[in-house]
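*Asks:* Heads up: the protein sequence lines correspond to chains A and B, in order. Going by this note's numbering, the first sequence opens with residue 1, and the numbers climb by one from there. Going by this note's numbering, the second sequence opens with residue 405, and the numbers climb by one from there.
To be clear, the hints were calculated from the coordinates, so they are not data collected in a lab. Please note: incorrect hints may appear among the correct ones.
[To be verified] 25 Å max Cα-Cα, derived SDA-like pairs, lysine to any residue:
#1 Lys318(A) <-> Glu413(B)
#2 Lys529(B) <-> Lys318(A)
#3 Lys529(B) <-> Ala392(A)
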Amino acid sequence: MKLPIYLDNNSTTRTDPRVVEAILPWFTEKFGNAASRNHPFGWEAEEAVEKAREQVAALIGASGREIIFTSGATESNNLAIKGVAAMYKKKGNHIITAAIEHKAVLDPCKRLEKEGYSVTVLPVDKFGRVTAEQIREAITDKTILVSIMFANNEIGTINPIAEIGKLCKEKGILFHTDAVQAVGKIPVDVEAMGIDLLSMTAHKMYGPKGIGALYVRKKDPRVRLEPMIDGGGHERGMRSGTLPVPLIVGHGEACEIARLEMAEESKKTFALRESLRKQIMDNLPETFINGHPENRLPGNINLSFAYVEGEGLMMGIKDLAVSSGSACTSASLEPSYVLRALGVGDELAHSSIRFGLGRFNTQEEVDYAAKLVVSEVSRLREMSPLYEMALAGIDLKSVQWAHH
Amino acid sequence: MPYSDAILEHYNNPRNVGSFSQTELNVGTGLVGAPECGDVMKLQILVNPFTGVIEDAKFKTFGCGSAIASSSLATEWLKGKTIDEAMAIRNTQIVEELALPPVKVHCSVLAEDAIKAAILNYQEKQAVPAELVAAH
């Protein structure tokens, strides 16, 4: 077992060696431009891109013609939201999204708001979910787009996407979902779920960084987008720029592997996650799950350890690559906006650690991680004035803290 | 963010973790910070009332590694100092000793606040009997 152990698979994943192998020839002997129509170098590159497009589409139940390659999900989200807003502005100016969306959704919405669009940011329940009913109530005759993430990156909670998609169909409103965390981990089907636009990225599913895709529905309805990048008219004019063939091949291969192995793999990652969670929670009282207890991504568990600060804990468990909702590193001292939106108290938000299990983790790593977390949390609690006060029966909420 | 060896040393082997009884007259307790801000430090000094020398110091901290290290270092420095010498400890000295990065300077400020709060608490406790005596 090698240290440190990578348990941050919601942040990025290791590129699968099979993906790397598939990519390599496209850097060297097969280096053509997919847009070169007049020689074999171009033809083989184009063929590889089209194969990858089909592989990506197959994973989400789409057709290859509905896949637009981008630089990643941030670009996909920007293109979906700004592209729809610009194209449908005569129809309306209202967009609905939710409080715990990724910044790559919230910030484009904020920009549109400055430009005169109206944005409704829905609150989420204590598990981080948005309901179709909330959306129904927020829809106006000016609503042109609903953008709700498939699964949350910090807390792993899965939204009722099919219900939201059905509602949007019924109302004739476009539905975009940021499915970065879901694609390749849990079943995603744009037809069955009524999704019109879907953002995804390769590097969260064992593909390379720098490549992603936007699914854009072609019929019922045919979705149109105002492009953000103009140029050679690549990707049906929606995203100009020479296609990064090696990355696209890698994205395709990653999707192919996921399509074939997802069912088995998600069982394995789920079992590892539950083993980690149980070993930790059975041995540490006052440890809380952030997000939905069941309806969450198989590999994600987000825990708050009362009386222990997250960043301080990360220093103690430095053999584990994890992330924390504590914002002690940022100058703002603001903990995670996602945890705050759930109504997790700030003190528990500061105490949170996200564990992201993935394809390459093993039971041995999980056992090691659990033991380390239990021993470090115990050590830090012994060092925590809050723990001491709680043991003495002092209600921490009743204390007049000297805010600084 | 890479941490300095000094921070890691104090984090891994914190000095003087623990508590004195808050009700003792010769103990001064400082509790600063707030859980929702992500740092709370409790720093205590045990003072010899005859010499005014801090004979022992203890801490407990909820916070990041830099906060734990800052309070651990503070307790080390406090031992053997007089109240006046302790009052002269500045957060900048802690920043220097631990090589705290700019985003962690607030941890040293909190440690200085904790020292001052503990001294103030000790002085208040000492002042009470004097006032009572004067009132009689």
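*Asks:* Against this structure, judge whether each hint is valid.
*Replies:* Structure-based check of all given hints:
1. Lys318(A) <-> Glu413(B): Given pair Lys318(A), Glu413(B) holds - Cα atoms ~14 Å apart, limit 25 Å.
2. Lys529(B) <-> Lys318(A): violated (42 Å)
3. Lys529(B) <-> Ala392(A): holds (22 Å)
In this structure, only the earlier hint numbered 2 is contradicted, and the remaining ones agree with it.
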